[in-house]
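Student: Using the sequences and the hints, build the whole thing.
2 protein chains.
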Amino acid sequence: MRIAVLGGDGFVGWPTVLHLSEAGHEVHIIDNLSRRWIDTELGVQSLTPMDSVQERCRIWHEVTGRRIHFHLIDVAKDYEIFKAWLTGHRPDAIIHFAEQRAAPYSMKTDRHKVYTVNNNVSATHNVLAAMVETGVDAHLVHLGTMGVYGYSTIGAAIPEGYLPVDIERLDGQKVEQEILYPTRPGSVYHMTKSLDQILFQFYAQNDGLRITDLHQGIVWGTHTDQTRRHAQLINRFDYDGDYGTVLNRFLIQAAIGYPLTVHGTGGQTRAFIHVQDSVRCIELALGDAPARGERVKIFNQMTETHRVRDLAEMIAKMTGAKVSYLPNPRKEAAENELIVKNDQFLELGLNPTTLAEGLLEEVVEVAKKFAHRVDRSRVPAVSGWTKELGARVDRDPEGKALREVS
Amino acid sequence: MRIAVLGGDGFVGWPTVLHLSEAGHEVHIIDNLSRRWIDTELGVQSLTPMDSVQERCRIWHEVTGRRIHFHLIDVAKDYEIFKAWLTGHRPDAIIHFAEQRAAPYSMKTDRHKVYTVNNNVSATHNVLAAMVETGVDAHLVHLGTMGVYGYSTIGAAIPEGYLPVDIERLDGQKVEQEILYPTRPGSVYHMTKSLDQILFQFYAQNDGLRITDLHQGIVWGTHTDQTRRHAQLINRFDYDGDYGTVLNRFLIQAAIGYPLTVHGTGGQTRAFIHVQDSVRCIELALGDAPARGERVKIFNQMTETHRVRDLAEMIAKMTGAKVSYLPNPRKEAAENELIVKNDQFLELGLNPTTLAEGLLEEVVEVAKKFAHRVDRSRVPAVSGWTKELGARVDRDPEGKALREVS
Numbered sequence: 049m050r051i052a053v054l055g056g057d058g059f060v061g062w063p064t065v066l067h068l069s070e071a072g073h074e075v076h077i078i079d080n081l082s083r084r085w086i087d088t089e090l091g092v093q094s095l096t097p098m099d100s101v102q103e104r105c106r107i108w109h110e111v112t113g114r115r116i117h118f119h120l121i122d123v124a125k126d127y128e129i130f131k132a133w134l135t136g137h138r139p140d141a142i143i144h145f146a147e148q149r150a151a152p153y154s155m156k157t158d159r160h161k162v163y164t165v166n167n168n169v170s171a172t173h174n175v176l177a178a179m180v181e182t183g184v185d186a187h188l189v190h191l192g193t194m195g196v197y198g199y200s201t202i203g204a205a206i207p208e209g210y211l212p213v214d215i216e217r218l219d220g221q222k223v224e225q226e227i228l229y230p231t232r233p234g235s236v237y238h239m240t241k242s243l244d245q246i247l248f249q250f251y252a253q254n255d256g257l258r259i260t261d262l263h264q265g266i267v268w269g270t271h272t273d274q275t276r277r278h279a280q281l282i283n284r285f286d287y288d289g290d291y292g293t294v295l296n297r298f299l300i301q302a303a304i305g306y307p308l309t310v311h312g313t314g315g316q317t318r319a320f321i322h323v324q325d326s327v328r329c330i331e332l333a334l335g336d337a338p339a340r341g342e343r344v345k346i347f348n349q350m351t352e353t354h355r356v357r358d359l360a361e362m363i364a365k366m367t368g369a370k371v372s373y374l375p376n377p378r379k380e381a382a383e384n385e386l387i388v389k390n391d392q393f394l395e396l397g398l399n400p401t402t403l404a405e406g407l408l409e410e411v412v413e414v415a416k417k418f419a420h421r422v423d424r425s426r427v428p429a430v431s432g433w434t435k436e437l438g439a440r441v442d443r444d445p446e447g448k449a450l451r452e453v454s
Numbered sequence: 049m050r051i052a053v054l055g056g057d058g059f060v061g062w063p064t065v066l067h068l069s070e071a072g073h074e075v076h077i078i079d080n081l082s083r084r085w086i087d088t089e090l091g092v093q094s095l096t097p098m099d100s101v102q103e104r105c106r107i108w109h110e111v112t113g114r115r116i117h118f119h120l121i122d123v124a125k126d127y128e129i130f131k132a133w134l135t136g137h138r139p140d141a142i143i144h145f146a147e148q149r150a151a152p153y154s155m156k157t158d159r160h161k162v163y164t165v166n167n168n169v170s171a172t173h174n175v176l177a178a179m180v181e182t183g184v185d186a187h188l189v190h191l192g193t194m195g196v197y198g199y200s201t202i203g204a205a206i207p208e209g210y211l212p213v214d215i216e217r218l219d220g221q222k223v224e225q226e227i228l229y230p231t232r233p234g235s236v237y238h239m240t241k242s243l244d245q246i247l248f249q250f251y252a253q254n255d256g257l258r259i260t261d262l263h264q265g266i267v268w269g270t271h272t273d274q275t276r277r278h279a280q281l282i283n284r285f286d287y288d289g290d291y292g293t294v295l296n297r298f299l300i301q302a303a304i305g306y307p308l309t310v311h312g313t314g315g316q317t318r319a320f321i322h323v324q325d326s327v328r329c330i331e332l333a334l335g336d337a338p339a340r341g342e343r344v345k346i347f348n349q350m351t352e353t354h355r356v357r358d359l360a361e362m363i364a365k366m367t368g369a370k371v372s373y374l375p376n377p378r379k380e381a382a383e384n385e386l387i388v389k390n391d392q393f394l395e396l397g398l399n400p401t402t403l404a405e406g407l408l409e410e411v412v413e414v415a416k417k418f419a420h421r422v423d424r425s426r427v428p429a430v431s432g433w434t435k436e437l438g439a440r441v442d443r444d445p446e447g448k449a450l451r452e453v454s
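Here the protein sequences come in this chain order: R and V.
Numbering of the first sequence is given in our numbering, commencing with residue 49 and proceeding in unit increments.
Numbering of the second sequence is given in our numbering, commencing with residue 49 and proceeding in unit increments.
These are computed hints drawn from the structure, not numbers from a lab.
Note that this is a predicted model, so its numbers are computed, not measured.
Don't take each hint at face value.
Said to hold, decoys possible - Using 30 Å as the maximum straight-line C-alpha spacing, the simulated BS3-like pairs for lysine-lysine come out as follows:
id, chain 1, residue 1, chain 2, residue 2
1, R, K131, V, K379
2, V, K131, R, K379
3, R, K435, R, K417
4, V, K125, R, K156
Tutor: See below:
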């Protein structure tokens with residue numbers, strides 16, 4: 049297949065590109081490199097030293113003989129350029145990662161809220177409008193998030209996108225309908241993925257576009273079979289308070305002797321998936337496209353759920369790290385249950401990589417190797433969901449400022 | 049109250065501004081005048097001759113002694129300018145009409161789809177982000193549409209925004225929850241109002257913004273008590289295939305001796321409201337704000353439902369006009385039922401203005417007076433929902449081309 053990977057230079061995008069190239073597909077990265085610019089804005093860098101996307105593609109060619117094509121296009125802004133690219137290349141599939149993906153970044157200031165909404169909505173809608181206009185009948189695979197479901201529960205399992213409900217008719221009879229799960233996003237970032245769902249529903253219904261939406265859990269790990277093949281193919285690895293995600297952050301914190309930062313009681317239950325499974329799931333989804341006229345196919349792309357404090361305690365035990373309970377900068381329930389269905393990927397043959405000590409230790413090893421690249425002051429998560437929550441944030445979980453005074 | 053009316057130069061915006069000014073409020077119009085630009089783009093004009101917004105405000109002052117303030121701001125693009133305005137004026141209420149509001153325009157070409165999504169989403173989100181950032185605790189009243197509900201029915205009445213459903217828990221017990229009505233918009237324009245709903249839900253939940261969303265039916269009529277007060281206060285009145293709406297278009301077509309253009313079987317049932325009731329509803333909603341922390345308050349702003357072909361036949365009988373059944377450029381069900389609840393406005397004291405011959409004739413009189421301003425070639429609705437539907441559109445319901453040949 050000819051596959052366009054929008055956002056193919058990112059944390060899950062890059063290993064997906066390599067995985068699909070290895071599998072024999074003709075892969076085109078379309079990226080505006082905004083994630084590299086945001087590193088510059090925030091004054092942080094990937095823990096792992098990343099080469100330019102062009103250099104990464106060159107190395108891949110050297111190692112495997114396979115070509116990955118890179119096109120610098122901003123799908124959110126360059127509608128006509130993207131449309132021309134689509135007309136010229138007519139891909140069989142489009143994988144869409146091209147959105148700002150950090151909840152804390154999306155809540156940082158009003159400027160970041162506005163950027164996230166404008167960028168993510170325009171990117172998704174431009175892709176859809178261009179597909180209709182050019183008549184390119186590609187299978188669109190989008191990376192969504194488990195966060196669209198929200199985390200308040202009534203003891204029901206979270207289905208894969210569609211929820212059966214009973215509705216009372218005028219005659220008093222109840223009838224069953226399957227509806228898009230009532231969304232309850234918890235940040236501006238998550239909200240944009242809820243907006244995407246409505247865009248997908250409309251374009252599948254009106255234009256018969258074939259769309260798969262993957263509601264992904266929190267991705268952990270760093271290497272995949274392909275990124276391991278050369279030092280310069282290494283994946284991006286975020287440790288900072290905006291882009292670092294919970295499990296990987298605990299592992300990095302353990303590696304650099306930083307307290308494991310748990311927000312609130314740590315009673316939040318979240319869904320997780322290893323990056324190796326992420327790329328495998330995307331490949332499985334690609335092979336299982338809906339038909340024209342079918343509704344959007346939704347998968348829950350996760351393999352296990354864990355309570356945040358259980359993860360912290362497990363990693364503390366494994367590494368000897370200390371756990372610090374900090375005020376929560378997010379507006380969310382202190383504790384929640386989470387039961388998630390993921391039958392579809394299991395049926396397609398996914399063999400889940402669950403939390404095993406070996407893999408956790410591998411991440412700690414990577415983090416130790418590059419620990420000299422860490423700016424410790426960028427480790428705390430300081431973006432408040434409201435001004436009141438922001439004012440209570442602990443910006444110094446190490447107590448360094450205090451030590452300096454004494 | 050100090051009230052900002054975003055989009056206060058438009059078809060419902062302008063009479064709302066006058067109504068609230070007359071009621072003693074300090075009214076500020078914020079508008080980018082995009083609707084006047086779109087007239088220019090399409091090469092059409094309001095059937096009624098409209099003065100500039102500045103001139104309209106001057107006339108209102110002459111007639112009533114009251115000032116209406118006009119600020120040229122594009123809320124979708126000029127985020128910082130709007131925020132500065134908000135900081136300087138701190139309104140008690142904001143009425144938000146500032147969105148591209150025609151379904152056929154939103155489906156015209158990919159350019160119009162992209163414009164509608166970017167403009168409408170950015171406008172709404174900018175307003176919300178600016179309210180949070182400035183801490184202005186205004187009541188936000190937004191003009192939504194009945195179209196967010198969609199028109200497929202299972203024999204249940206359409207509630208005011210929230211639908212009670214039964215959901216099965218893991219233990220097999222069913223529990224009732226009230227959810228945001230599962231949206232099923234039928235055009236890119238309607239879809240943007242579905243996106244707005246998600247934005248409102250998030251900002252009410254995260255920031256305690258006080259928001260009312262009015263799901264309006266199709267507005268008909270042209271005069272209100274205030275627009276009648278001076279010839280130059282007259283309201284905009286659209287007859288073209290993009291911005292003209294169904295009932296008003298039938299009346300105009302009758303006035304100029306054009307066939308009444310029914311799309312498909314005319315079996316579509318739609319909700320209607322007279323423009324005089326529209327402005328009254330907005331005033332009622334203003335006086336009934338939700339509390340901080342409450343969920344978004346949703347009203348169905350409509351007073352009656354009618355089947356399109358019944359309206360056409362009624363007006364044909366009243367005026368002697370001919371009815372033409374044309375291919376439908378929209379992708380929609382040929383026939384649908386529609387039962388809508390509007391108890392909340394009735395409880396607040398709305399006394400509905402229903403379809404009465406006198407009011408219908410008033411519209412025909414206005415149309416006849418300005419019939420010389422009509423470009424008959426712009427009367428047909430020619431925007432196709434898909435390319436296939438667009439190709440079947442009848443661009444000449446009068447059969448003029450045919451007559452010219454013979």
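Student: Each hint should be assessed against the structure and marked as holding or not.
Tutor: Tested hints:
1. R:K131 x V:K379: Judged against 30 Å, a Cα distance of about 24 Å means the pair holds.
2. V:K131 x R:K379: Given pair V:K131, R:K379 holds - Cα atoms ~24 Å apart, limit 30 Å.
3. R:K435 x R:K417: violated, 37 Å
4. V:K125 x R:K156: holds, 20 Å
Taken one by one, the earlier hints fail for this structure only at number 3.
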